[in-house]
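Asks: Chain by chain, the residues run as shown.
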Amino acid sequence: MSSTNQVSNRSYPEPPRRLNEMLRWFDQRTGLNALMREALDEPIPGAARFAYVFGSALLFIFISQVITGVFLALYYVPSADHAHTTVAYITKTVTAGSFLRSIHAYGSSTMVILLLLHVTQTFLYGSYKGRRELLWLSGCVLFALVLCMAFTGYLLPWDQKAYFATAVGTNIAGEVPLIGGWLKSLLRGGTDMGTLTISRFFVAHVLLAPAAIFAFVALHVYLFRKAGAAGPISEDLVTPRQPAEPFYPRQVIIDGIFALGIIFILALISHFIPFELGPKANPADTHYLPRPEWYYIPIFQWLKYWPGSLSFLGVVVIPGVIAFLFASLPFLDRRMERRPWKRPIAVGTYTFILLALFGLGYTSYRSDHRDPGYAAQLLAQQKETEEFMRKPFEPVAEPSPAAIIAAASNPLVKEGSQIYQAQSCQACHGEGGVGSAAGPKLTGAQERWTAEQLSALLRSPSTQMTAGGMTPLDLKPEEMRALVAYLQSL
Amino acid sequence: MLAKVTSTEPEISRRSYLGWLIGLCTAGVGAVLSVPLIRFALYPLRMQTTEVKWSDAGPLSHFVSLAIPLRRSIQVEQVDGWRETVSEKVVYVTQTPDHQLQVLSAVCPHLGCSVQWSDAKQEFICPCHAASFGADGTKLSGPSPRAMDSLESRIENGRLLVRYRYFRQLVPTKEVIG
Chain H
1 MSSTNQVSNR SYPEPPRRLN EMLRWFDQRT GLNALMREAL DEPIPGAARF
51 AYVFGSALLF IFISQVITGV FLALYYVPSA DHAHTTVAYI TKTVTAGSFL
101 RSIHAYGSST MVILLLLHVT QTFLYGSYKG RRELLWLSGC VLFALVLCMA
151 FTGYLLPWDQ KAYFATAVGT NIAGEVPLIG GWLKSLLRGG TDMGTLTISR
201 FFVAHVLLAP AAIFAFVALH VYLFRKAGAA GPISEDLVTP RQPAEPFYPR
251 QVIIDGIFAL GIIFILALIS HFIPFELGPK ANPADTHYLP RPEWYYIPIF
301 QWLKYWPGSL SFLGVVVIPG VIAFLFASLP FLDRRMERRP WKRPIAVGTY
351 TFILLALFGL GYTSYRSDHR DPGYAAQLLA QQKETEEFMR KPFEPVAEPS
401 PAAIIAAASN PLVKEGSQIY QAQSCQACHG EGGVGSAAGP KLTGAQERWT
451 AEQLSALLRS PSTQMTAGGM TPLDLKPEEM RALVAYLQSL
Chain A
491 MLAKVTSTEP EISRRSYLGW LIGLCTAGVG AVLSVPLIRF ALYPLRMQTT
541 EVKWSDAGPL SHFVSLAIPL RRSIQVEQVD GWRETVSEKV VYVTQTPDHQ
591 LQVLSAVCPH LGCSVQWSDA KQEFICPCHA ASFGADGTKL SGPSPRAMDS
641 LESRIENGRL LVRYRYFRQL VPTKEVIG
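Sequences listed follow chains H and A, in order. When the letters of the first sequence are read in order and numbered with this note's numbering, they come out as residues 1 to 490. When the letters of the second sequence are read in order and numbered with this note's numbering, they come out as residues 491 to 668.
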């Protein structure tokens, strides 16, 4: 009896009570210990160093982006009608909303900076050499994916800045020969930017690109472990000779401290200089000067030098060739030499490109600030943004059913709405008088002015209205009556 | 402390001690970082997102001598997260025996049909299951578990304002549900 019990106990051990036994129970089923040992005992030739932190820091910030992104999606709605409102709601109303959005927005800049540092470290240490071509290529794909994330995420708030920067960005796709027009429409979901553009960018930003990043990070890490850590520049790339130090604990601690420092700085900036949201995108605004996020400024400046028929060369061919050469670096540079001062061509070219990017960025900054017209417009845009940030959150008002019925049944109101369109009132005051960045909303006009006051104001606007760009309306009396009836129905 | 253990497996002990320390630090930092995330996600729970505003039922002059309940359509503005919705609701303005204005919801406390005033019978009658109520909303007959629901009202600048609410049906006591 007792022996059978023992046998059955051995075949089906009871879930243990003590922690150690529990861990063993878990390990027997998952192999977690071996996996952890494999991860933590990774040999680092030479020793743990601060220079190796950038890769893991990138992964860390990426995970932070995923977490903050998922939380932002709790309130965000990807449509032209609601994107801006929901981002304003997050920024102005929801607890910690401004902070989380800032962490996410500044996080994207942080990723680009870390990416540059990671690539530069890999490049200077010659760590792409010695059977590491695929590792380098998977890194190049990740580079492109991070830039794609930054580009697609930028549009989602649908403010002036986002709208016009993306309009310029998608126009670049139109420069591609033969398929340019088609490509641009594919990106935008039509010939113009609109609600379908947001949907497309949203899907790319939260589904496609992150999934691809997860897959390529896994591949990148796998290929990295397969090739082995490259170690210091004095180390042999294929058969390391220097005594190795395991990844754990020193490199883990160094990586951890670096990641902690980054998140601390990000939190400080996000708390004290929250990321701004401008007024809602107004495609009719012809004065707006679009400026992309800082990491796209050099490219933005570069495009200015390639007018008309040459644009294809500057916009597509030259960046394409540079990207191709960059990706094929480990195939072109076959020597095993790692010391940067012995690789003048590679290091020289890399430095030249970096300096050129900085130079282009600086030129763009300088030309914006030297031209008085540009400087004034950029200042005005900044003021508009600050003013919008100061205003309290305004919920989207859905028109009351009574107002809709009244508008549909009253012919005078209907005629007034046609005049409203014909006079291009909606260009500034928005469809249905909901207001835009260029003009105040007209809803609720009935409560503030009588019909007589309204028609008087429309005929001869107040000085404040004229200053805002309102022009006097010269309409026939019956047209004016219809327009006033329409305004009062809003 | 550590010196004692050296005889057996010093490296592993030290590593696991460090491991716990790192794990503890990570958990601590993670806990701090998750505070804004949790506050962000729980915002709608702490704020009443479906806040009901006061609706205008009309100027007081309309209600001076109410012989019979007066039917009014009111616009109910509700803040629903980031949007504001306007819906139309029917209420009856009546007078209590002591000449105070009282606003009744037209939703029948039985199963939610719209109660109508019958001039012929001088009482409220629900078209669904024939519950009937007096001019001041008191329950007269039929399946309704309670009297018609009165709504919070006040007078401001000569106008009657109402706060529209829904109440749980089929229970004998009035209970706000939204």
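Calculated from the structure, these hints are not laboratory results. Hints should not be assumed to be uniformly reliable.
Said to hold, decoys possible - Think about it this way: if two alpha-carbon atoms lie no more than 20 Å apart in a straight line, the pair counts; the simulated SDA-like pairs of lysine to any residue are:
| id | chain 1 | residue 1 | chain 2 | residue 2 |
| --- | --- | --- | --- | --- |
| 1 | A | LYS543 | A | ALA517 |
| 2 | H | LYS92 | A | LYS629 |
| 3 | H | LYS383 | H | ALA438 |
| 4 | A | LYS629 | A | PHE657 |
| 5 | H | LYS304 | H | GLN377 |
| 6 | A | LYS543 | H | ILE253 |
| 7 | H | LYS441 | A | THR575 |
| 8 | A | LYS664 | A | ALA610 |
| 9 | H | LYS92 | A | GLY624 |
| 10 | H | LYS92 | A | LYS664 |
| 11 | H | LYS391 | A | PRO617 |
| 12 | H | LYS304 | H | ALA327 |
| 13 | H | LYS184 | H | PRO243 |
| 14 | H | LYS92 | A | ALA531 |
| 15 | H | LYS92 | A | SER643 |
| 16 | A | LYS543 | H | GLU447 |
| 17 | H | LYS92 | A | ASP626 |
| 18 | H | LYS441 | H | CYS428 |
| 19 | A | LYS543 | H | VAL321 |
| 20 | A | LYS579 | A | PRO617 |
| 21 | A | LYS543 | H | LYS304 |
| 22 | H | LYS441 | A | TYR533 |
| 23 | H | LYS441 | A | VAL576 |
| 24 | H | LYS441 | A | ALA531 |
| 25 | H | LYS391 | A | LYS664 |
| 26 | A | LYS543 | H | THR443 |
| 27 | A | LYS543 | A | GLY624 |
As the list claims (entries may be wrong) - Negatives, chain A to chain H, calculated, CB over 12 Å:
| id | residue |
| --- | --- |
| 28 | PRO534 |
| 29 | MET537 |
| 30 | ILE558 |
| 31 | ILE615 |
| 32 | PRO635 |
As the list claims (entries may be wrong) - Quick look at which bits of chain H chain A covers, simulated, 3 or more residues with Cβ under 8 Å:
| id | segment |
| --- | --- |
| 33 | 22-33 |
| 34 | 94-105 |
Beta carbons are placed, not taken as given, at the ideal position from N, Cα and C, and that holds for glycine.
Asks: Does each hint fit the structure? Answer for all of them.
Replies: So, going through the hints one by one against the coordinates:
1. Taken as a hint, the LYS543/A and ALA517/A pair is broken in the structure, with Cα atoms around 44 Å apart against an allowance of 20 Å.
2. At roughly 47 Å between alpha-carbon atoms, LYS92/H and LYS629/A are farther apart than 20 Å, so this suggested pair is violated.
3. At roughly 13 Å between alpha-carbon atoms, LYS383/H and ALA438/H fall within 20 Å of each other, so this suggested pair holds.
4. A C-alpha spacing of about 16 Å is found between LYS629/A and PHE657/A, which places the hinted pair at or below 20 Å, so the restraint holds.
5. A distance of roughly 19 Å separates the Cα atoms of LYS304/H and GLN377/H; the hinted pair therefore holds under the 20 Å criterion.
6. At most 20 Å may separate the alpha-carbon atoms for a hinted pair to count; LYS543/A and ILE253/H exceed this at roughly 55 Å.
7. This hinted pair checks out: LYS441/H and THR575/A have alpha carbons roughly 18 Å apart, not beyond 20 Å.
8. Of the supplied pair hints, the one linking LYS664/A and ALA610/A is violated, its CA atoms being roughly 29 Å apart against a limit of 20 Å.
9. Of the supplied pair hints, the one linking LYS92/H and GLY624/A is violated, its CA atoms being roughly 49 Å apart against a limit of 20 Å.
10. With a CA separation close to 36 Å, the supplied pair LYS92/H and LYS664/A exceeds the 20 Å bound.
11. A threshold of 20 Å between alpha carbons decides the hint, and for LYS391/H with PRO617/A the separation of about 49 Å lies outside it, so the pair is violated.
12. Of the supplied pair hints, the one linking LYS304/H and ALA327/H is violated, its CA atoms being roughly 26 Å apart against a limit of 20 Å.
13. With a C-alpha separation of about 54 Å, the suggested pairing of LYS184/H with PRO243/H is violated against the 20 Å cut-off.
14. As the CA atoms of LYS92/H and ALA531/A are separated by approximately 15 Å, the hinted pair is consistent with the 20 Å bound.
15. Under the criterion of a C-alpha separation no larger than 20 Å, the hint pairing LYS92/H with SER643/A is inconsistent with the structure, at around 32 Å.
16. Note on LYS543/A and GLU447/H: the hinted pairing holds, with a Cα-Cα distance of about 18 Å set against a maximum of 20 Å.
17. With a CA separation close to 45 Å, the supplied pair LYS92/H and ASP626/A exceeds the 20 Å bound.
18. Our distance criterion of 20 Å between C-alpha atoms is met by LYS441/H and CYS428/H, whose separation comes to about 9 Å.
19. A hinted pair counts as satisfied when its Cα atoms are at most 20 Å apart, and LYS543/A with VAL321/H does not qualify at roughly 62 Å.
20. The straight-line distance between the Cα atoms of LYS579/A and PRO617/A is roughly 17 Å, inside the 20 Å bound, and the hint therefore holds.
21. Between LYS543/A and LYS304/H the CA atoms are separated by roughly 53 Å; this puts the pair beyond 20 Å, and the hint is violated.
22. The suggested pairing of LYS441/H with TYR533/A is violated, with an alpha-carbon distance near 29 Å, which exceeds 20 Å.
23. For the suggested pair LYS441/H and VAL576/A, the alpha carbons sit about 18 Å apart, so the restraint of at most 20 Å is met.
24. Restraint check: the Cα-Cα separation between LYS441/H and ALA531/A comes to about 32 Å, which exceeds 20 Å; the hinted pair is violated.
25. Restraint check: the Cα-Cα separation between LYS391/H and LYS664/A comes to about 40 Å, which exceeds 20 Å; the hinted pair is violated.
26. For the given pair, LYS543/A sits about 18 Å from THR443/H by alpha-carbon distance, which is consistent with the 20 Å threshold.
27. Our distance criterion of 20 Å between C-alpha atoms is broken by LYS543/A and GLY624/A, whose separation comes to about 28 Å.
28. With a minimum CB-CB distance of about 8 Å to chain H, PRO534/A fails to clear the 12 Å threshold, and the non-interface call is violated.
29. Listed as a non-interface residue, MET537/A fails to keep its Cβ farther than 12 Å from every Cβ of chain H; the least gap is roughly 8 Å.
30. The Cβ of ILE558/A lies farther than 12 Å from every Cβ of chain H, with a closest approach of about 24 Å, so its non-interface assignment holds.
31. At roughly 26 Å, the least C-beta separation between ILE615/A and chain H is larger than 12 Å, which holds for a residue marked as non-interface.
32. Distance check on PRO635/A: its Cβ is at least 31 Å (rounded) from any Cβ of chain H, clearing the 12 Å threshold; non-interface status holds.
33. A count of 0 residues in the segment 22-33 of chain H with a Cβ less than 8 Å from any Cβ of chain A is obtained; the coverage claim is therefore unmet, three being the minimum.
34. With 6 residues carrying a beta carbon less than 8 Å from a beta carbon of chain A, the segment 94-105 of chain H meets the three-residue requirement, and the given coverage holds.
Violated hints for the displayed structure, listed by number in ascending order: 1, 2, 6, 8, 9, 10, 11, 12, 13, 15, 17, 19, 21, 22, 24, 25, 27, 28, 29 and 33.
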